[in-house]
Amino acid sequence: MSANTTSAHSFATDAEIEKAARAEAAGAVPVAATDPEVLLAVENVSLSFGGVKALADVSFDIRKGEIRAIIGPNGAGKTSMLNCINGFYHPTEGRITFKGETRRKMRPYEAAAGGIARTFQNVALFKGMSTLDNIMAGRSLKMKRGFFWQILGFGPAVAEEVEHRRFVEDIIDFLQIQAIRKTPVGKLPYGLQKRVELGRALAMEPELLLLDEPMAGMNLEEKEDMSRFILDVNQHFGTTIALIEHDMGVVMDLSDRVVVLEYGRKIADGTPSVVKSDQKVIDAYLGVPH
Amino acid sequence: MIYRESGQYKTSYSADMAVFPLRQDRIGIFVIIALAYSMAFFGSNFMLQAVLIPFLIFSLAAMGLNLMVGYAGLLSLGTGAFMGVGAYACYKLMTIFPGVNVIVWILASGFFSAAIGVFFGLPSLRIKGFYLAVATLAAQFFLQWSFNRIPWLYNYNVSGAIEAPLRTLFGVPIVGPTATPEVRYVIVLTLVIFLTWIASNIVHGRVGRQWMAIRDMDIAAELMGIKLLQTKLLAFAVSSYYCGVAGAMMVFLWYGGAEYNVFNINQSFLILFMVIIGGLGSLIGSFLGAGLIFMLPIAMGIVLPAIFGPLGIRVGAETIEHLRFMILGALIIFFLIVEPHGLARLWQIAKQKLRVWPFPY
Amino acid sequence: MNALYQIFIEPFIFMGEAPDLLIQTIWEGFVSGILYALIALGFVLIFKASGVFNFAQGIMVVFAALTLVGFYSMGIPAIISLILAIGVMFLLAVTVERVVLRPLVNQPDIILFMATFGITYFLIGLGEFIFGGEPKVMITSQLYLPEGRTNFDILGGFVTIQHIDVAAAVIAIIMIAVLGIFFSKTRIGRALRAVADSHKAALSVGISLNQIWVIVWFAAGIVALVTGIMWGARSDVSFALQIIALKALPVLILGGFTSIPGAIVGGLIIGIGEKIGEFYWGPLLGGGIETWLAYVIALIFLMFRPQGLFGEKIIERV
Amino acid sequence: MTTVAVAREDTFPKLIARNARIRPDRTAFRHKDLGIWQSWTWGEVHQTVRAMAIGMHRLGLKRGDKIAIIGNNRPRLYWSIAAAQWIGVVPVPVYSDSVAEEMAFVLSHAEVVLAVVEDQEQVDKVLSIAEQVPTLTHLLYDEERGLRDYDHSTMHPLTAFIDEAKAATAADPELDALLGRELAESKGSDLAIILYTSGTTGRPKGVMLTYDNVIAAAQIGCDFDNLSENDEIIAYLPLAWVGDHIFSYAQAILAGLCVNCPESPETIVEDRREIGTTYAFAPPRVFENMLTLTMVRMEDAGPIMRSMFGFFIRHANKVGERILNKQSVGLWDRMLYTIGDFLVYSPLRNRFGLSNIKVGYTAGEAIGPEIFRFYRSIGVNLKQLYGQTEASVYVTMQPDGEIHADTVGRPAPGVEIKIDDNGEVLFRSAGVFQGYYKDDEKTAETKTVDGFVRSGDAGFFDANGHLKIIDRAKDVGKLNDGSLFPPKYVENKLKFYPNIKEVVAYGNGQDYVTCFVNIDLTAVGNWAERNNVIYGSYQELAQNPQVYEMIAGHVDEVNRSLATEPLMQGAQIKRFLILHKELDADDGELTRTQKVRRGFIADRYGPLVTALYDGSQEADIRTEVTFEDGRKGVIAARVKIRDMKLYDAPQPAMEKAA
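Chains as they are written, first to last, in this note's numbering: chain A, 1 to 290; chain B, 1 to 361; chain C, 1 to 318; chain D, 1 to 658.
These are calculated hints, taken from the structure and not from any lab test. Keep in mind the model is a prediction, meaning the values are calculated, not measured. Incorrect hints may have been included.
Only part of the chain D face toward chain A is listed, based on derived beta-carbon distances under 7 angstroms [claimed, not checked]:
| # | residue |
| --- | --- |
| 1 | G35 |
| 2 | Q38 |
| 3 | R148 |
| 4 | E266 |
| 5 | T267 |
| 6 | V286 |
Below, in silico cross-link-like pairs of lysine-lysine (DSSO-like), each with a Cα-Cα straight-line distance of 30 angstroms or less [stated by the list, open to error]:
| # | chain 1 | residue 1 | chain 2 | residue 2 |
| --- | --- | --- | --- | --- |
| 7 | D | K438 | D | K187 |
| 8 | B | K10 | D | K125 |
| 9 | A | K127 | B | K92 |
| 10 | A | K144 | B | K10 |
| 11 | A | K187 | B | K353 |
| 12 | D | K358 | B | K353 |
| 13 | D | K318 | B | K353 |
| 14 | B | K92 | A | K182 |
| 15 | B | K128 | A | K127 |
| 16 | A | K142 | B | K353 |
| 17 | B | K351 | A | K187 |
| 18 | D | K645 | D | K581 |
| 19 | B | K128 | C | K48 |
| 20 | A | K53 | C | K185 |
| 21 | A | K127 | A | K64 |
| 22 | A | K182 | B | K351 |
| 23 | B | K351 | A | K144 |
| 24 | A | K105 | B | K128 |
| 25 | D | K62 | D | K125 |
| 26 | C | K48 | C | K185 |
| 27 | A | K142 | B | K128 |
| 28 | B | K353 | A | K105 |
| 29 | B | K10 | A | K187 |
| 30 | B | K92 | A | K187 |
| 31 | A | K127 | C | K48 |
| 32 | B | K353 | B | K128 |
| 33 | B | K351 | A | K53 |
| 34 | B | K353 | A | K276 |
| 35 | D | K358 | B | K10 |
| 36 | D | K478 | D | K495 |
| 37 | B | K10 | A | K64 |
For each residue, glycine too, the CB sits at the ideal point set by N, CA and C.
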């Protein structure tokens, strides 16, 4: 327990240094401020299964290019929120506006086509496939060649394969998983699986990337790597990121703004420092040792 | 052991993504094909007619089903019926347009079963697993019924059966009573190789990946922009196409004629078993499974009497049939427990062992 | 136009003209429905407790009946044969649990489903190996089951009712009642229900999962035996039955895989539905539509209510 | 043809130009990147190098400036070496894993003005020491990941750098002319490169080599193994190591062979296998690791496989080398070997990626004879060579058919060797370096007036004229009778026995040689189990009489072999004892790199040393030790001492044993 918290701290500090260093390099301005434009707006969303209310009148927004953390105790409805955002659940009330357009009953693949990618709390890779194929599968939306080109062993479809393979290789290189390129993901250690899953999401070139506990069950080094990757993604591809994370250290360092849920309700929203000092949050979350 | 990978490096993605990236494999496959063709000259009539032709046809059917069950994860119990559709479609086409070459019709007949397959695949949007299996049972029974009860399908023959009319290619009879096994074998072999090549292109490309994606984790697949219904229906279509063609070949290049009950549910199960034992999600497996299950009774017919004959126990054909059922059942359970990926996995393991030889891994 | 008339008008006129035939048909449907329901019951028992979709239930019916007749034909008194047959079903349950279920625990349902194909084929082979393929006659009278028929004159015609059918109906009802009580009142029964929800719960009742599997498979075996007797009494005992038994699948789709009442209602709907369909509409299609009508009904039904009449809605989690 | 060529092309840029002329479409470099082997022909390399040279010129680099090259083996880093040389700038490769201050020293000492580095890690390192290197003005990097947000006023990505330069050259013909002039201006006698030797003691020294030095040395290898443009080499050793520079740069360019850079350190084995190198150069540890890995894996193999493997490896041990040396071997043995080759040897070579190997060299330190023999016995033509940075590698080499595990071979072509009276090896050759950069005093120490270089190693030529390196010269002592006593040599001879873990030999200024022995607990432990010898502790096992017997046996063998060697008879071990405890770094008895600290141990175990020389049969000793958990404690023991038989004259009968 104590070990846990200390680790979180030590990690916090040097990641802070990292962030600072980069901020300097970038020109000292926090990323969110550079682009106030809202990418995704959640307005008074409620969601209930039968009697159970998973979300109650939640509203917040995600700005272009920022890293937005969604935190809260277990069962606060964080994952349900993500599920609503990428259309897996449909809010019973309220609306979600993405890139200015509001879709009622948006199907998941529509969300994907719209540019929302997603990783899962407990890795949801395609177990039977290799790392490479998993990430390639992420390119599905971008691959346009019709089925009848597919059945020929040559020609445009193959050219397309190659072109996307090149893109995927960049991701593999970026995530430094060359050594496991052809290993079936089922055989990989958990930490690497999470990395591959991130790669698969990146392959979609998303505008909004939803990360559901990207560092759950990782050791310190893995966490550091992962947060470095997340920052790089945000910095270099300008991808907007919404992440759920339990490690407060991580959240505080990575995110530009944090929204806190409890029992499906929003109890706080703002910059990490603000949220940190919010009494309600402290009671609900930070106070509780985890 | 036989593998010498050192010195085989890839300087292009297309080379790296080849189906057989290793030289030894390419040589191997080439040798196998060469041998297969040479059988046309060295194989006895029995060998061709009773062993190789049916083996290839069953392999094709198994491959078709495997595309659906093994790759897309959609369980179907209607294979027999879909084969039937192919057979009857082919029959009608041949008799309506006798001018057109029969091989064209054999390949075309698949499209009809594909269409039917898509229709019965529609429920797959809402339902999965054994629910879907039941839906395909509907196809099985309904189609089997229509083969029997719609006389138009068999041109109102009194026999209610369909016979292969004589058809030739370059003057050589290839379908019908006078077509020699050799000729039919070569045609079957060629078609099977061709269709296998196509299948491998499909499963190694985008479509194959999408099928496996929905098989392994349909939710994630959908959240990545893969349209479930389209993808599943495509699987139904392709799978049914292969089964249809296999059905047409079965009637016109093997049996020479058939009745509706050839395409009964047992046929469906037989082929499903070939897939399970051969290895879900593997093209090679389809051949291995078909080989094992189809050869089983033949082998038993030869082996068992040889063993028990001397002991004064006579082993009748029906006994062998019964034993075959038991062994089949046992095999299924055995494989599901011990090696759910079937013979194909064993094959892979063997291959891997050869690659890392003398190391264990 | 004419076709529409034939489909939508004529049959009903016919029903009206000969109500006795209609009743007769409905009764026939009712009885076969009961038998479907019984088979479906076997499915439900196993599915509820072990989540296994037991494709082999059909062949278990045949196998049970065959063993019974088989023992009797060895000159063993009917009642003893019956007991022995029950014993065999118990043996079967134990074997299945040991050989199939235990090694496959925690495998995806679809794998277990396919494993039951294996069981099916094995039992077919075994049954034919031991008892031979040819049909047998059920020892109806020896089991003190009523025979013969009675004609009731009603509605200007008459309805024939086989006594065995009545018996079948009665026994089926008794059995369903017994099972109902077993499930709601007894400790094991409650345990079984618990398993359906969570395996932990079952253990808390103090019964190991393996025991529970044996129990349900045994129960399903007995149900199969009874079904086999009834069915055998009406036609005869043959492997054709196994194919017919598959009709329990559409029944389940209607009734829902986890609901006993569902099984019964579903059974009756299918039974009566297909008899009427066959009798009044079949001729239009050249007859024999019984073979698939049930499935098509189920198929259509699936599109609109996948969870069945009584099954509960499935919510997928990510 | 190369010799002729060299006459004209006396610098590497000129040689590259030649390659681009005579073999423009041969593949020059490959780099496994993004999953496939990206390839560059000599033509492309030539163009790129020209562009980089222009780029450097435009950055204001002038003839005589120094630039640092830091990173793993990447084609662009090799090219930057050539590019620098093109315009007379001196490249200084730096060990990429060296710690910041070490790097700071080298960079500032060499006064580099530009650093070409691999990736963010190196960039950060260089930036962190930038202020200690006032001369450093620019930074070029190869891997762009993570560097986008850095201040780019003084640093540039290589790719863009090259493109701009290309554009500029296209625009301005003057630059093209300039390239021509610069190329012509450099001569073979110019300073080509400065290689800093990571000195085990003291500051690194910058070894200055001219084109003539390097090319002459490279020429030796090329001719010796007639390398051609068809050869493949995999480059994964530090750029700053002379070995890599000669093999992966100099010889590659001279012979026009193809250099392959692996994808990442983790994938070297796979990459080597994919390429199937024909020519290899590696320090012993690489071969050691491969062998250990093999043995570890075979442990997990099935019994049949294991026994088959064992059988054929034993057979290879018996005849393999003779077959490789084209000596006569019995027909049956030969057949057996052929079968073994199919079943074991060639699969092994395949797994190692050594299937196509023409010749492989190991150098840097002594390789265990059994390891050396293993590779040769399975048909890998592995050779030892003795080399030094100061000699541009080549000092001695092993000609075919004259390969012995315990010698480093004959003087390489064009190399003169002499051995001074205290056994130090001196050499002179065309490859000999100019001097240490900015360190004339050290240069004077090392280089004699007549151009010989003190290797700092002691050695001698054995009966068949092969050089044998015995120890660092400064460690070689003398017995009172004046005969040489090389402790390390004696110790190593004993340490090659698996039962013996450590040896500490004494004798300098004494009448005879004695030593402490540390048994190897695992090896001897196994032996004990097999012979059901019961023991409670290391101490107990160490003092077990049977163990003493066994070790005595080894010592005796060593004495016999020492007796057969000229100058070495005196170094035979007269008395030894087995230490009651394992030498341990925690007790300061070993360095952190597991080298024995002879002096310290002598003091610590004073009583034992005296006992070894006062003839007593056993001695008591109390030593303070640090246990695993850090507790201190004292262990006391009574240690037995063994006297050994000495062999005086070399008996002809014994020749073979050597």
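Structure-based check of all given hints:
{"no.": "1", "hint": "G35", "in the structure": "holds (5 angstroms)"}
{"no.": "2", "hint": "Q38", "in the structure": "violated (11 angstroms)"}
{"no.": "3", "hint": "R148", "in the structure": "holds (6 angstroms)"}
{"no.": "4", "hint": "E266", "in the structure": "holds (5 angstroms)"}
{"no.": "5", "hint": "T267", "in the structure": "holds (6 angstroms)"}
{"no.": "6", "hint": "V286", "in the structure": "violated (19 angstroms)"}
{"no.": "7", "hint": "D:K438 to D:K187", "in the structure": "holds (22 angstroms)"}
{"no.": "8", "hint": "B:K10 to D:K125", "in the structure": "violated (34 angstroms)"}
{"no.": "9", "hint": "A:K127 to B:K92", "in the structure": "violated (44 angstroms)"}
{"no.": "10", "hint": "A:K144 to B:K10", "in the structure": "holds (26 angstroms)"}
{"no.": "11", "hint": "A:K187 to B:K353", "in the structure": "holds (18 angstroms)"}
{"no.": "12", "hint": "D:K358 to B:K353", "in the structure": "holds (27 angstroms)"}
{"no.": "13", "hint": "D:K318 to B:K353", "in the structure": "holds (28 angstroms)"}
{"no.": "14", "hint": "B:K92 to A:K182", "in the structure": "violated (48 angstroms)"}
{"no.": "15", "hint": "B:K128 to A:K127", "in the structure": "holds (19 angstroms)"}
{"no.": "16", "hint": "A:K142 to B:K353", "in the structure": "violated (38 angstroms)"}
{"no.": "17", "hint": "B:K351 to A:K187", "in the structure": "holds (18 angstroms)"}
{"no.": "18", "hint": "D:K645 to D:K581", "in the structure": "holds (26 angstroms)"}
{"no.": "19", "hint": "B:K128 to C:K48", "in the structure": "holds (18 angstroms)"}
{"no.": "20", "hint": "A:K53 to C:K185", "in the structure": "violated (34 angstroms)"}
{"no.": "21", "hint": "A:K127 to A:K64", "in the structure": "violated (33 angstroms)"}
{"no.": "22", "hint": "A:K182 to B:K351", "in the structure": "holds (16 angstroms)"}
{"no.": "23", "hint": "B:K351 to A:K144", "in the structure": "violated (35 angstroms)"}
{"no.": "24", "hint": "A:K105 to B:K128", "in the structure": "holds (22 angstroms)"}
{"no.": "25", "hint": "D:K62 to D:K125", "in the structure": "holds (25 angstroms)"}
{"no.": "26", "hint": "C:K48 to C:K185", "in the structure": "holds (17 angstroms)"}
{"no.": "27", "hint": "A:K142 to B:K128", "in the structure": "holds (28 angstroms)"}
{"no.": "28", "hint": "B:K353 to A:K105", "in the structure": "violated (51 angstroms)"}
{"no.": "29", "hint": "B:K10 to A:K187", "in the structure": "holds (25 angstroms)"}
{"no.": "30", "hint": "B:K92 to A:K187", "in the structure": "violated (51 angstroms)"}
{"no.": "31", "hint": "A:K127 to C:K48", "in the structure": "holds (29 angstroms)"}
{"no.": "32", "hint": "B:K353 to B:K128", "in the structure": "violated (37 angstroms)"}
{"no.": "33", "hint": "B:K351 to A:K53", "in the structure": "violated (54 angstroms)"}
{"no.": "34", "hint": "B:K353 to A:K276", "in the structure": "violated (56 angstroms)"}
{"no.": "35", "hint": "D:K358 to B:K10", "in the structure": "holds (22 angstroms)"}
{"no.": "36", "hint": "D:K478 to D:K495", "in the structure": "holds (22 angstroms)"}
{"no.": "37", "hint": "B:K10 to A:K64", "in the structure": "violated (41 angstroms)"}
The structure fails hints 2, 6, 8, 9, 14, 16, 20, 21, 23, 28, 30, 32, 33, 34, 37 (numbered hints given earlier, in ascending order).
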